[in-house]
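Chemist: Same order as they appear, the protein sequences are chains C and H.
The first sequence lines up with residues 227 to 395 when you count with this note's numbering.
The second sequence lines up with residues 6 to 475 when you count with this note's numbering.
These are computed hints drawn from the structure, not numbers from a lab.
Be careful, since some hints might not be right.
[To be verified] In the SDA-like style, the derived pairs of lysine to any residue whose C-alpha atoms are separated by at most 25 Å in a straight line are:
1. Lys327/C / Ala124/H
2. Lys296/C / Ala222/H
3. Lys277/H / Ile419/H
4. Lys77/H / Gly238/C
5. Lys75/H / Ile241/C
6. Lys77/H / Gln348/C
7. Lys327/C / Leu107/H
8. Lys145/H / Asn237/C
9. Lys75/H / Gln348/C
10. Lys297/C / Gln348/C
11. Lys430/H / Ser384/H
12. Lys289/C / Gln261/C
13. Lys327/C / Tyr349/H
14. Lys296/C / Leu345/C
15. Lys439/H / Pro426/H
16. Lys327/C / Ser384/H
17. Lys297/C / Asp361/C
18. Lys438/H / Leu414/H
19. Lys145/H / Val250/C
20. Lys327/C / Ile288/H
21. Lys277/H / Val313/H
22. Lys364/H / Trp234/H
23. Lys349/C / Ala336/C
24. Lys327/C / Gly385/H
25. Lys77/H / Ile241/C
26. Lys145/H / Ile241/C
27. Lys364/H / Leu416/H
28. Lys75/H / Pro244/C
29. Lys296/C / Ile223/H
30. Lys75/H / Gly300/C
31. Lys289/C / Ala340/C
32. Lys349/C / Asn365/C
33. Lys176/H / Leu198/H
34. Lys77/H / Leu345/C
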Amino acid sequence: MTMNKKLQLSNGMSIFGPVRIGMVVVLLVFIISLQMGDRVSAAAIEDVEAAVTSSITMDSVEKSTDRMFKKFYGLNASDYESVVLYAPVTNMDAEELLIVKLADTSQAEAVQAAITNRLDTQKNTFEGYAPEQYDLLDNHHIIDVRGNYILYVVHANASAADQAFRDSL
Amino acid sequence: MIFSSVFFLFVFFPIALLLYFIVPWKLKNFVLLLISLVYFAWGEPIYIVLMLFSVCFNYLSGLELDYYRKVKDQRWLRICFWFTIIVNLGMLGFFKYYGFLLDNLNAILPVDIPYKTLALPVGISFYTFSALSYIIDVYKGTVPAQRNFISFGVYLTMFPRLLAGPIVRYKDIFEQLTVRRHTWYKFGQGVTLFIRGLGKKVLLADNISAAFNAIAAIPGDERSVLTAWVGALAYTMQIYFDFSGYSDMAIGLGKMFGFEFGKNFDYPYISKSVTEFWRRWHISLGSWFRDYVYIPLGGNRVAVGRHVANILIVWMLTGLWHGSAWNFIIWGLYYGLLLLLEKYFLAKYLEKLPGIVQKIYAFIFAVFGWVLFSATSLSGAFTFLGNMFGIGGHGLVDSTGLYYLGANLILLVICFFCSTPFVWKHYSRIALKKGAWRSVAAAGIYTAIIVLSLAYLVNATYSPFLYFQF
Numbered sequence: 227m228t229m230n231k232k233l234q235l236s237n238g239m240s241i242f243g244p245v246r247i248g249m250v251v252v253l254l255v256f257i258i259s260l261q262m263g264d265r266v267s268a269a270a271i272e273d274v275e276a277a278v279t280s281s282i283t284m285d286s287v288e289k290s291t292d293r294m295f296k297k298f299y300g301l302n303a304s305d306y307e308s309v310v311l312y313a314p315v316t317n318m319d320a321e322e323l324l325i326v327k328l329a330d331t332s333q334a335e336a337v338q339a340a341i342t343n344r345l346d347t348q349k350n351t352f353e354g355y356a357p358e359q360y361d362l363l364d365n366h367h368i369i370d371v372r373g374n375y376i377l378y379v380v381h382a383n384a385s386a387a388d389q390a391f392r393d394s395l
Numbered sequence: 006m007i008f009s010s011v012f013f014l015f016v017f018f019p020i021a022l023l024l025y026f027i028v029p030w031k032l033k034n035f036v037l038l039l040i041s042l043v044y045f046a047w048g049e050p051i052y053i054v055l056m057l058f059s060v061c062f063n064y065l066s067g068l069e070l071d072y073y074r075k076v077k078d079q080r081w082l083r084i085c086f087w088f089t090i091i092v093n094l095g096m097l098g099f100f101k102y103y104g105f106l107l108d109n110l111n112a113i114l115p116v117d118i119p120y121k122t123l124a125l126p127v128g129i130s131f132y133t134f135s136a137l138s139y140i141i142d143v144y145k146g147t148v149p150a151q152r153n154f155i156s157f158g159v160y161l162t163m164f165p166r167l168l169a170g171p172i173v174r175y176k177d178i179f180e181q182l183t184v185r186r187h188t189w190y191k192f193g194q195g196v197t198l199f200i201r202g203l204g205k206k207v208l209l210a211d212n213i214s215a216a217f218n219a220i221a222a223i224p225g226d227e228r229s230v231l232t233a234w235v236g237a238l239a240y241t242m243q244i245y246f247d248f249s250g251y252s253d254m255a256i257g258l259g260k261m262f263g264f265e266f267g268k269n270f271d272y273p274y275i276s277k278s279v280t281e282f283w284r285r286w287h288i289s290l291g292s293w294f295r296d297y298v299y300i301p302l303g304g305n306r307v308a309v310g311r312h313v314a315n316i317l318i319v320w321m322l323t324g325l326w327h328g329s330a331w332n333f334i335i336w337g338l339y340y341g342l343l344l345l346l347e348k349y350f351l352a353k354y355l356e357k358l359p360g361i362v363q364k365i366y367a368f369i370f371a372v373f374g375w376v377l378f379s380a381t382s383l384s385g386a387f388t389f390l391g392n393m394f395g396i397g398g399h400g401l402v403d404s405t406g407l408y409y410l411g412a413n414l415i416l417l418v419i420c421f422f423c424s425t426p427f428v429w430k431h432y433s434r435i436a437l438k439k440g441a442w443r444s445v446a447a448a449g450i451y452t453a454i455i456v457l458s459l460a461y462l463v464n465a466t467y468s469p470f471l472y473f474q475f
């Protein structure tokens with residue numbers, strides 16, 4: 227019985243009790259840390275599109291098709307929940323806006339890689355003969371992955387577009 | 006790392022076996038625990054935290070429950086018990102059902118709660134259920150608390166059954182944690198069982214899965230009755246060989262390490278009723294729910310109304326255990342209703358029918374069940390079921406259906422015979438009698454299974470077990 231007494235706190239609880247409660251606290255901290263970071267947003271892509279397009283001038287881009295999305299990025303729009311692409315009106319422009327709502331956050335990596343590819347291709351195209359456009363591509367592009375949403379924008383005012391994008395999620 | 010992968014078969018497993026057998030008896034459990042943790046961490050480097058938590062937390066819980074028992078403090082005993090149950094179920098519930106719950110809340114509430122989808126920790130349903138059985142049994146005093154941390158760790162993490170069961174219960178195995186015999190005979194049994202499981206998975210399940218995947222991808226209005234049935238039968242065979250193959254491999258590996266786990270499958274497709282089907286399918290899960298949910302709820306020793314409720318609760322939970330989606334819940338309730346129907350109404354008529362009719366009845370209802378189970382959405386499940394009866398589909402027979410039937414008929418027939426005792430009975434008649442040539446023949450058959458499986462494995466893409474997602 228003396229052995230047992232040693233294992234007891236004043237309220238009758240065993241000394242294992244507080245140890246176990248401590249472990250649960252550690253578990254909760256672990257779970258919260260897993261939950262930090264980007265969350266999945268249920269916002270409709272139309273709302274995100276409206277917020278972003280009203281934050282910047284859209285003179286040199288026009289709404290494009292899924293076929294162009296395939297051509298520029300090599301991805302099938304049907305694999306994602308929805309895709310909105312604004313492509314340059316002429317070949318002499320570099321401005322571009324892409325919003326992808328992923329079907330699953332695991333797709334983020336592939337989309338990001340495709341965007342980087344597209345950016346490199348565009349840079350190669352404009353390098354050496356259209357310094358303004360090249361500067362736009364080089365210094366005014368943003369790729370923002372937020373949970374199930376991805377934004378890619380090339381625009382003189384890219385950061386305003388990104389801010390509007392974040393606020394709309 | 007799955008059992009049917011070249012890396013497991015040729016690197017991990019030989020090293021594990023070698024380490025286990027060269028160390029003295031006293032260190033064997035320790036080595037097994039280390040091997041199991043490495044095995045788990047291989048695929049789940051982050052979620053090993055959950056596994057370690059579960060081991061440490063439940064180990065201490067056992068000791069604490071045992072202490073309150075000894076000092077006869079009923080109040081703290083109950084508090085400690087429910088706290089432990091809530092923490093275990095809370096962890097399982099969070100990782101498995103949190104996204105599902107928020108999805109449904111977001112659908113009915115005017116607000117949107119943003120959340121981050123987390124990957125399901127592999128094996129969590131299995132090891133949590135093993136932990137719960139231990140806690141409940143210690144609480145009830147059925148088994149003594151495990152004082153040796155290593156032994157308890159081995160119980161919960163043992164790598165053969167870590168990812169997809171069988172859900173070994175502590176009371177069935179605790180003696181083996183301290184004393185177990187290693188014999189060449191048992192080792193040999195384990196090896197042959199493992200090879201049979203490998204063959205089931207790689208040669209049968211993985212091959213027939215192509216038919217189902219292709220048919221499931223056809224739009225509902227282009228599926229004829231024939232196509233739908235070929236698809237449903239293919240999945241019925243795939244899930245059996247996939248899961249029972251895994252169980253055979255797990256039980257076989259267990260034997261090689263000296264453990265005896267109970268049977269998890271007993272030719273479910275020869276059952277004569279749905280009730281019997283569930284006594285033969287995933288036996289360790291069924292008996293878990295029976296012992297730890299159904300019987301504590303009162304089982305069948307209650308008024309009819311209460312009994313109906315008990316059955317439906319147990320089967321809804323069984324469905325939910327398989328995944329956080331409505332089709333699993335409907336699938337569970339489907340079986341609950343069938344079992345009730347059999348018990349209160351059909352059983353007396355069924356018994357009068359010829360055996361073969363009873364078997365066809367049970368088999369067809371299992372097939373319907375798998376259609377519910379396999380679907381990714383409820384509407385998809387009902388479209389597929391409708392197609393099987395010609396609703397919203399593409400006629401009775403079309404060229405697509407004939408193509409899939411022709412391409413898979415032989416495999417389906419082989420699967421069918423292998424899912425009954427027929428093949429094993431004939432094999433044992435030839436191989437399991439005295440005579441040197443018989444042993445040679447048996448060795449030849451097993452070698453053929455290994456060589457064929459490896460040929461498939463080397464070429465195949467990664468194909469995890471279906472039951473890993475539960």
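Chemist: Each hint needs a verdict: does it hold in this structure or not?
Modeler: Now for the hints, and whether the structure bears them out:
1. Lys327/C / Ala124/H: Roughly 19 Å separates the two Cα atoms, so the pair holds.
2. Lys296/C / Ala222/H: 22 Å, holds
3. Lys277/H / Ile419/H: Cα-Cα ~21 Å, so holds.
4. Lys77/H / Gly238/C: Given that 25 Å is the threshold and the Cα spacing comes to 11 Å, the pair holds.
5. Lys75/H / Ile241/C: Given pair Lys75/H, Ile241/C holds - Cα atoms ~15 Å apart, limit 25 Å.
6. Lys77/H / Gln348/C: 77 Å, violated
7. Lys327/C / Leu107/H: Given that 25 Å is the threshold and the Cα spacing comes to 19 Å, the pair holds.
8. Lys145/H / Asn237/C: 23 Å, holds
9. Lys75/H / Gln348/C: 75 Å, violated
10. Lys297/C / Gln348/C: 13 Å, holds
11. Lys430/H / Ser384/H: 42 Å, violated
12. Lys289/C / Gln261/C: Violated, at roughly 35 Å.
13. Lys327/C / Tyr349/H: 51 Å, violated
14. Lys296/C / Leu345/C: 15 Å, holds
15. Lys439/H / Pro426/H: The given pair, whose Cα atoms are some 22 Å apart, holds under the 25 Å limit.
16. Lys327/C / Ser384/H: 23 Å, holds
17. Lys297/C / Asp361/C: Holds, at roughly 24 Å.
18. Lys438/H / Leu414/H: 33 Å, violated
19. Lys145/H / Val250/C: Distance of about 24 Å is within 25 Å: holds.
20. Lys327/C / Ile288/H: With Cα atoms ~43 Å apart, Lys327/C and Ile288/H exceed 25 Å; violated.
21. Lys277/H / Val313/H: 22 Å, holds
22. Lys364/H / Trp234/H: 18 Å, holds
23. Lys349/C / Ala336/C: Judged against 25 Å, a Cα distance of about 20 Å means the pair holds.
24. Lys327/C / Gly385/H: Within the cut-off at roughly 23 Å; holds.
25. Lys77/H / Ile241/C: The hint holds at about 16 Å.
26. Lys145/H / Ile241/C: 21 Å, holds
27. Lys364/H / Leu416/H: Within the cut-off at roughly 21 Å; holds.
28. Lys75/H / Pro244/C: 19 Å, holds
29. Lys296/C / Ile223/H: 23 Å, holds
30. Lys75/H / Gly300/C: Roughly 69 Å between the alpha carbons, so the hint for Lys75/H and Gly300/C is violated.
31. Lys289/C / Ala340/C: It holds: about 19 Å lies between the C-alpha atoms, which stays within 25 Å.
32. Lys349/C / Asn365/C: 11 Å, holds
33. Lys176/H / Leu198/H: 24 Å, holds
34. Lys77/H / Leu345/C: The hint is violated at about 72 Å.
In this structure, the hints that do not hold are numbers 6, 9, 11, 12, 13, 18, 20, 30, 34, in rising order.
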